[in-house]
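Visitor: Each chain, letter by letter, is given below.
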Amino acid sequence: MNADKVLDAKGLACPMPIVKTRKEMKDMDSGQVLEIQATDKGASADLTAWAKSGGHELLEQQVDGDVLKFWIKKG
Amino acid sequence: MTKKTAIIASNGGLFEAYKVFNIATAAAASDHEVSIFFTFEGLNLIHKEANQQLPMPEGKEHFEEGFKKSNVPAIPELIEMAQDLDVKFIGCQMTMDVMGLEKDAFVDGIEVGGAVTFLDFAQDADVTLTF
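Sequences listed follow chains A and B, in order.
Oh and the first sequence: position 16 is -4 in my numbering, straight run, nothing missing.
So the number in my numbering is just where the residue sits in the second sequence, counting from 1, plus 1431.
By construction, these hints were calculated from the structure, which means they are not laboratory data.
Just so you know, nobody snuck in bad clues.
Cross-link-like lysine-lysine pairs, in silico, BS3-like; alpha carbons within 27 Å at most: (1) B/Lys1500 / A/Lys(-10); (2) B/Lys1435 / B/Lys1450; (3) B/Lys1499 / A/Lys49; (4) A/Lys(-10) / A/Lys6.
Bound conformation, chain B alone (with noise of 0.2 Å):
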C-alpha cells in the first residue's frame, strides 16, 4: 500500500522551506502519497513573491555562501519539483481571511482549505512531520 506523508508548515524562513520542500521531494521521489498544509506563516513558502526571498534567520546570514557552494536548489524549483511529483499543497483557509490573501497569490495548482481538509488526509498517514 502507498504510504503517506503529512506536513504542516507554519513557520515562512528560508531554513523552514527547505526542511519542509527536501522532506516533502524526498518522500514524493520515494514514492509516498504527500501533502502539505501550509498555516500562519508558512503560507509564505508558497506566495508567489514571498518565496522568492525569504529570509534567513537573523544572525544567520553568513550561510547564504554556503547554499550557493552547496548547489542547493532554489525554492521556487524545489516547489516546481514537488508539484511534478504530485505533492499535494493545501493553503490554510482561515489564515487567508485573517491576511486578507487570495487564491492567485500563491503559486497554482494549490488546494484551499481549513484544518479538517489536512486532518482527513493526515489520519491515517505514515509519516506525520511539523515544521
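Okay, chain A solo, but in the shape it has when bound (with noise of 0.2 Å):
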C-alpha cells in the first residue's frame, strides 16, 4: 500500500509510537497517509483507538515478522 510519509517507531516501547505518530501526522495534510512501523505489541489496540478517537481512518494493518505495519489516513 502506497504512503506519503513513512514513520519507523520500531523498538520503542507505550507511549512513544503514539507520541512519534502524533508528531509526524501533524505536519501532514487531511487525506495523506502514514505508514507506521512498529514493534511494541501493544500499539495494534493503541493506534486503532488513537485513529478513531482523532477522525482519522486506519485503512490497513499487516503483520511482516515482529514488525507490525498500519496505514493510516490522516481525517
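Each of the two chains sits in its own frame; use the hints to bring them together as a complex.
Guide: Encoded structure:
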C-alpha cells in the first residue's frame, strides 16, 4: 500500500509510537497516508483507538515478522 | 470540543512516574488538554534531582532489567515530551511550603497553585485519574 510518509517506530515502547505518530501526522495534510512500523505489541490496539478518537482512518494493518505495519489516513 | 484529562500525582516512586507520564503523554498525543497536579510525594516526579533517581518499590528491583530491555524512555525524557505536548504541571503550594521547597527546585515551566487551581481545571474534565 502506498504511503506519503513512513514512520519507523520499531523498538520503541508505549507511549512512544503514539507520540511519534501524532508528531508526524501534525505536519501532514488531510487525506495523506502515514505508514507506521512498530514492534510494540500494544501498538495494534493503541493506534486503532488513537485513529478513531482523532477522526483518522486506519486503512490497513499487516504483520511482517516481528514488525507491525499500519496505514493511517489523516482525517 | 477538546477533551480534558486531569491527573493527580501523589506518590513518588518510579512506577508511579511511569503511570502518570505515560497516560499524560498518551492523552496529550490524542489531543487532550492535560493538567497534572503534583502533591505530597508526587512532587518527587518533577523535582530536578529526585526525578533522575526515583526508587523502585522495595523488592521489585529486579524489574530494572525489564525496563532496559523494553527500551522504555527515562523519566526526564517523558517529562520533556509531556511538556512539548503542552501538558500543564501544577505543583502543590501547600506541600512545597511544608517541605521547604521553592519553585526553582522543580523542572522549568511548572505552575504553582493550590487545590482550587486543580479543581477548577478538573471540574469539567472528561477523564480524571489519581496515582
